[in-house]
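Using the hints, put the two standalone chains together into the complex.
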Amino acid sequence: ETGVTQSPTHLIKTRGQQVTLRCSSQSGHNTVSWYQQALGQGPQFIFQYYREEENGRGNFPPRFSGLQFPNYSSELNVNALELDDSALYLCASSLQGTAQETQYFGPGTRLLVL
Amino acid sequence: DAKTTQPPPMDCAEGRAANLPCNHSTISGNEYVYWYRQIHSQGPQYIIHGLKNNETNEMASLIITEDRKSSTLILPHATLRDTAVYYCIVRPTGANNLFFGTGTRLTVIP
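Going line by line, the protein sequences match chains A and B.
According to our numbering, numbering within the first sequence proceeds without interruption in unit steps and concludes at 115.
According to our numbering, numbering within the second sequence proceeds without interruption in unit steps and concludes at 114.
These are computed hints drawn from the structure, not numbers from a lab.
C-beta atoms are modelled at their ideal positions from N, C-alpha and C, and glycine is treated no differently.
DEER-style ranges, computed between Cβ atoms: (1) A:L84 to B:H81: 37 to 47 Å; (2) B:P96 to A:R52: 18 to 28 Å; (3) B:E18 to A:Q19: 38 to 48 Å; (4) B:T111 to A:Q42: 14 to 24 Å; (5) A:D85 to B:S45: 18 to 28 Å; (6) A:L40 to B:M14: 15 to 25 Å; (7) A:G4 to B:P96: 17 to 27 Å; (8) A:R16 to B:N57: 44 to 54 Å.
Just chain B, with the same shape it has in the complex (with noise of 0.2 Å):
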């Protein structure tokens, strides 16, 4: 089931941009993704998700590849509160499941 790649524990200073990244290399062509994150013991918060374009909302921008083998979910001015641990999502149209892996821990530092 495993079909997102993210990086190991990244930091970022408050204020500035976080990015991070996911590789979804065999992604398909109905398959949206998913961007969630956990903060220490609560439940997964729904961020954003696409499919081919670029999204952006209130809390965040993912940037797709063309190819859409992989993308960047971009906090634009991280703050302490967003600390938490990122998980990227590859989930087909319908599909009535969410594949968590091990996601990223971004830890935003003072």
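The following block holds chain A by itself, in its conformation from the complex (with noise of 0.2 Å):
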């Protein structure tokens, strides 16, 4: 059984740009949730893909966006890059549909924004 991945590790961007970062989901998911974790700060729901659908967001304005492509992996896009973005972004993939849809999260891509 494959754990999930995240894709790149570390990334430092500048204000203004724009970021891509990769989640594949665990082997049998077909769910992916978005957190991001500020430093000293629990993670923070951002949204979740399921069927290629966003399935729910929180409270992240519209340049936080994403895609889930058809083997469940999935994108998050930031565009307009703040200082504020700076943070650990971790997914998490489950199996919709099942009794308790258990999250499990891979090891987050750490991103700085100069």
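So, in structure tokens, the structure goes:
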């Protein structure tokens, strides 16, 4: 069984740029959720993708967008980067339709915006 | 969204049981209690979850009070590798997100 993987592991961007982060879900899972974790804080839910469509969103502006592909992998795109976007970005995969739908997390991508 | 209360940072001696409490006094009947932990700069790791009954797996035991207003995560024999921030999360069935509070930092001391 393959776990959740994310790429890249680290990334440095400047204000105003755009970034794309990638996530491969655990084998057998069909749902991907994205979280942002600022330094010293707990992860905050950005959105979830199921059947290639957004399936719930947290309190994040539209410049945070995503995609899910037929193989269930996913991308998180952030436009017009701001300094406050510096954080650890986590994706989690799960199997929608099961009783508890436990989410399993990847190692994260650390983004630094200068 | 804050539905759980966890204590300040805790220490535990290596080899002893670590007991991490969590209050969730407003929990509803369809809400599960989940526990995750996060070792420094890594992604959160799922530990265990439960609804009403006590649960045990290879990592830990989860004790839920009869009124479901609180629970305790027990690591039976803490090791140095158990040093982490532990998050107690209350999640409705079918909810698409996990709300992480501030968690409890557990430090296992040699």
